[in-house]
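Positions 1 to 425 (the UniProt record's numbering) are the ones given, in order, by the sequence shown.
The set of hints was computed from the structure by calculation and includes no laboratory data.
This one's a predicted model, so the numbers in the text were calculated from it and none came from an experiment.
Check each hint, because a few of them may be wrong.
[Unchecked claim] In silico DMTMM-like cross-links for lysine to aspartate or glutamate, where the CA-CA straight-line distance does not exceed 20 Å:
1) K305 x D317
2) K101 x E62
3) K90 x E55
4) K227 x E209
5) K57 x E104
6) K174 x E125
7) K156 x E171
8) K101 x D79
9) K376 x E291
10) K90 x E50
11) K343 x E333
12) K174 x D109
13) K90 x D109
14) K58 x D122
15) K305 x E291
16) K347 x D113
17) K343 x E310
18) K343 x D364
19) K343 x E125
20) K64 x E125
21) K305 x D355
22) K376 x E125
23) K174 x D122
24) K58 x E48
25) K167 x D364
26) K58 x D92
27) K108 x E62
28) K347 x E312
29) K57 x D102
30) K376 x D364
31) K347 x D323
32) K90 x D122
33) K347 x D122
34) K101 x E71
35) K101 x D113
36) K174 x D364
37) K366 x D102
38) K347 x D364
39) K64 x D122
40) K227 x D154
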Amino acid sequence: MFWGNKAAQASEPDLARTDSSKNDPSASASQASGTAWLAGHLHHLTTEQEQSLEEFKKVCAERKYYTPAGENGPASHGDATMLRFLRARKFDVEGAWAQFKDTEDWRKDNAIDALYENIGVDSYEAARRMYPQWTGRRDRRGIPVYVFEIRHLDNKAVAAYNSTMTKGTPETHKSSTVPARLLNLFALYENLLQFVMPLCSALQRPNPETPIVTSTNIVDVSGVGLKQFWNLKSHMQDASVLATAHYPETLDRIFIIGAPSFFPTVWSWIKRWFDPGTTSKIFILSAAEVEPTLTAFMEPSSIPKQYGGELEWTWGDMPNVDDAGRELLQGIEQPLGEGQTRKDILKGPVLFRGDHLEVLGTVDGKERRETIPVPKTQASEAETKPVESVEAPAAANTEKTDDEKAVDNMAVKVNQLSVDETPAA
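Let the sequences and hints guide you as you build the complete structure.
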């Protein structure tokens, strides 16, 4: 989410690309099925990677930054989290340790947990409208889908946001030297890690043994002028720098759509703003490529209508969660408002803890604290059953599901499209 991170590991099988194919949507679509993308993830580790994980945890424990599971409770950090730092550093233990330590120190110095617990709901909602938004849906692998429509971030919107964002700064952070815009951004990343990802991990998907730790992004640049792109440089870089340093390996890929005729100029800027690991995950789609490429990755019901799908969702909407997700979130569904045809979920910071939800944040300076049980469903109970570790990413069962066959067929169609590095207007 939010434009990606520097430490992206381009060496994983589904990310390894030559210069000529790294922005090739057909190459991306051909990876929508199969299990190659799971390489280096939990339960899909090689023997050497398993050893690196154990060594990494041991190093972090010896240096008092990690507590293993024991009589006093679960481990301080899940294996999926530890693996994000290892993948970011290509399983170099000392490199992962350096970034992990920096992140833990940063979290402590900025009281990130307290920030997410106490941020004003109105301030949080204002920030949500300035960055990629979760549609409430997932791609075919179960990864959450975010949309970023840049045209809405004009000078007026940015100025209005900047003038009011300090109002929701928690009392715990009033004396912080960190700009309020960054504090709000921190809270959005925490929502990704502590609400969206664990919720998506609890839902039915092709590989339930592996937690969801990344996001898929649709970035719509239609209707954006050259000057607006330039004015948003620092806004987008804030997110990229944060992900680079403290939220590694949380981006799967970005699909850029609606690129104007001058976009090659903007693309030359972006290549300089962001690291090669991030730009290798960005795919620029022509108008003809949008629907088939997105459909290769997502069910039509998970693609917003404006991009050729069936999903009723527009910029600024709260997530339109599917029926399976609504079963788990029914405790935070809100009453229908005037003219609404579906219930929104509660605004503001929420934690998803598997068996319960924690409602956080402040409203008019007053804390809101509520714990809401998550209903047990057959699907969620099945997803929480323990799965034995898999040493290697190669799957023994090569029989494909109907969904995978459908994705393969769509990938073939996308491969037949002409690929042009220069995006269509």
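Hints, verified against the model:
no.: 1; hint: K305 x D317; result: holds, 13 Å
no.: 2; hint: K101 x E62; result: holds, 12 Å
no.: 3; hint: K90 x E55; result: holds, 14 Å
no.: 4; hint: K227 x E209; result: violated, 46 Å
no.: 5; hint: K57 x E104; result: holds, 14 Å
no.: 6; hint: K174 x E125; result: holds, 19 Å
no.: 7; hint: K156 x E171; result: violated, 28 Å
no.: 8; hint: K101 x D79; result: holds, 16 Å
no.: 9; hint: K376 x E291; result: violated, 36 Å
no.: 10; hint: K90 x E50; result: holds, 13 Å
no.: 11; hint: K343 x E333; result: holds, 6 Å
no.: 12; hint: K174 x D109; result: holds, 14 Å
no.: 13; hint: K90 x D109; result: violated, 27 Å
no.: 14; hint: K58 x D122; result: violated, 42 Å
no.: 15; hint: K305 x E291; result: holds, 10 Å
no.: 16; hint: K347 x D113; result: holds, 18 Å
no.: 17; hint: K343 x E310; result: holds, 18 Å
no.: 18; hint: K343 x D364; result: violated, 24 Å
no.: 19; hint: K343 x E125; result: holds, 17 Å
no.: 20; hint: K64 x E125; result: violated, 36 Å
no.: 21; hint: K305 x D355; result: violated, 33 Å
no.: 22; hint: K376 x E125; result: violated, 29 Å
no.: 23; hint: K174 x D122; result: holds, 16 Å
no.: 24; hint: K58 x E48; result: holds, 15 Å
no.: 25; hint: K167 x D364; result: holds, 10 Å
no.: 26; hint: K58 x D92; result: holds, 14 Å
no.: 27; hint: K108 x E62; result: holds, 19 Å
no.: 28; hint: K347 x E312; result: holds, 19 Å
no.: 29; hint: K57 x D102; result: holds, 16 Å
no.: 30; hint: K376 x D364; result: violated, 34 Å
no.: 31; hint: K347 x D323; result: holds, 19 Å
no.: 32; hint: K90 x D122; result: violated, 40 Å
no.: 33; hint: K347 x D122; result: holds, 9 Å
no.: 34; hint: K101 x E71; result: violated, 25 Å
no.: 35; hint: K101 x D113; result: holds, 17 Å
no.: 36; hint: K174 x D364; result: holds, 16 Å
no.: 37; hint: K366 x D102; result: violated, 33 Å
no.: 38; hint: K347 x D364; result: holds, 14 Å
no.: 39; hint: K64 x D122; result: violated, 37 Å
no.: 40; hint: K227 x D154; result: holds, 10 Å
The structure fails to meet hints 4, 7, 9, 13, 14, 18, 20, 21, 22, 30, 32, 34, 37, 39 from the earlier list, while all remaining hints are met.
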